[in-house]
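Chains as they are written, first to last, in our numbering: chain A, 1 to 114; chain B, 1 to 238.
Hints were generated in silico from the structure; no laboratory data involved. Note that this is a predicted model, so its numbers are computed, not measured. The beta-carbon is built from N, C-alpha and C at its ideal position, and this holds for glycine as well. Treat the hints loosely; a few may be bogus.
[To be verified] Using C-beta positions, here's what the derived DEER-type ranges look like:
id	chain 1	residue 1	chain 2	residue 2	range
1	B	His211	A	Glu25	31 to 39 Å
2	A	Ser74	B	Lys143	29 to 37 Å
3	B	Arg100	A	Ser95	34 to 42 Å
4	A	Ser24	B	Lys178	45 to 53 Å
5	B	Gly170	A	Pro48	31 to 39 Å
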Amino acid sequence: MSTPASGLAQIGKSVVIKGELSGSEDLYLDGQVEGSIALKGNSLTVGPNGQVKASVDAKAIVVQGKLEGNIQASDRVDLRKSATVTGDITAQRISIEEGAFLKGKVDIHRTDAK
Amino acid sequence: MSSVTQTFMKLFRGSSGPEAIPAQGSQKLTRRSSGLGELTRSWEAAEDLCVLDLGSTSPANIRHFTEHGHRIYSEDLLTASTDPELLTKDEQGNVILDSRKFLADNLVYPAAHFDFVLCWNLPDYLDESLVKPVVGRLWSVLKPGGMLLAFFHTRDAGPDSPCHRFHIVGADILEMQKIVMRREARRGPTGAVHTAISDGFQLQRVFNNRHIENLFRDFASIKFFLARDNVREVLVVR
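Chain B extracted, bound-state conformation (with noise of 0.2 Å):
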């Protein structure tokens, strides 16, 4: 590691990155994040919020919401991303996932409707051709002043970086757990029956700063947290 991103680690030392202590178990970490914790301590005091988690069904996140009197939607975007039937080809004869199909059957949801959003590693896993759809779905299904959470993995991360699923244990603690292969049958809002699998999420793409900031160009503003584990969390308002 060179000096200077040795001195660019020493400035960030101390913000959040894993604990390294493995929760009882099976393949569990514990992480520190300062996104989390911002985003804590702004719902700390409301009442009512109604929140959107886009990783796997956590019972963790839907006790941690439903147990302080909110609502909680869960909804496995990446999962639904491996529906076989969103495979289609663009002008090119490429194979892309139909975005419109995907956003037929995912995230339908009244405009407006969500104080905070937790994508998660969403975007560093998500198909190419989701990624923008998505972020611009997730817009305006976000109320005015609501907060989208995300994490996404610095070049440092490596290529084989493992896709965790994220459990809210604490103020500012996350517990991060490797997705294993899962297969569902789900009937989307369409009324056509979709089989997908989950096998072990691919990193797709490495974003930098510029590529995010570009990402989320319609929200009003965006914050950087740099973490010792090379994920960069990034919180945004709209």
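Chain A with its partners taken away, still in its complex shape (with noise of 0.2 Å):
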């Protein structure tokens, strides 16, 4: 299970957020957050404890908690075994550890390298 690396932003398990999220840096979120979370160009990880019900947006996304909302990724997203989702998946790369649950749509738009 992936751990927050130092130096990266962090919002804790104890910490509930209600509205739109942004930032132009990586993110790891183990709280609650309602509403819509826009990272692009940066990675989310939804820790253990986290619980988000927002629409995500970001190049790179890591689930291990719970998310519920449309997961938009210009690159990859990972759900792990212990993931919950609920929404609409669009990104380049998927990856899907067993166990993980997943009630949604997964659309996978590749860009090839020129």
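Two chains, each in its own frame: build the complex with the hints.
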């Protein structure tokens, strides 16, 4: 199970946020967020205690906890075995561990390197 | 086994059935599926298909379809059906599941949305009160000409037939994995949070051919494939 690296922006498990969350750095989220999350060009990790009820737009998204909302990743989505995701996923690549739960669509859009 | 049954089985020998080759690791078996083979032939030249998988979340199935450029929806209806908030009583006071609440939170899609639906063994293990409403909803979300694959146990399978997950590992090859207990908390489109427990589903009934034809009577055509593992594969077309 990945733990946040030092220097990484973090939202601890006791933190509750309602609203629009945006940034230009990687984020480790282990609390509750309701609204929308925009981290274009950066990665979001939803920790094992994370409970997200929001649309997510980021470069890469790793889910270990609960996420309800649509996921838009310009690169990659990783659902770990403890992930519970309800929503549609659009990404270039996806990795789903055995045991992860998904209720929703998976749509892969690859952009060929030129 | 009677001689008539033995003769009947000889007629279908060589069609789909389990290879009984355990996959590496846990309790997994592979089986050849004639129904899946026919579906594969239908979709292999197609592009941008929309597929609905009603089994447990399967990384293999998701990979299989997305690698071919298709969209896949995953929705574990069996686990969803174990939500205790679905329990209600009918007019006679019998405990049933509320099919309207179930369909308010599950299988919520536009009409004529899917090219293929993978039902797997859902009708055999789903609560009686949900089977016909679910099949009715599936008819409406399938495109005209869309196909649905379902597996039904025959009477010879026995009442304790374990419930399996199915993973597509080849054009006509499935990997079967016995379902283990699982607990989930999910929020449906209505906003309510549900806690569902998956706990080794029991075979609810055995359909005969007439029951199956009646269940899918609103569909345009139906095709049966009998397998050696006492499973009847059914392919229906809307």
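Comparing the hints with the structure gives:
no.	hint	in the structure
1	His211(B) <-> Glu25(A): 31 to 39 Å	59 Å, violated
2	Ser74(A) <-> Lys143(B): 29 to 37 Å	31 Å, holds
3	Arg100(B) <-> Ser95(A): 34 to 42 Å	37 Å, holds
4	Ser24(A) <-> Lys178(B): 45 to 53 Å	47 Å, holds
5	Gly170(B) <-> Pro48(A): 31 to 39 Å	35 Å, holds
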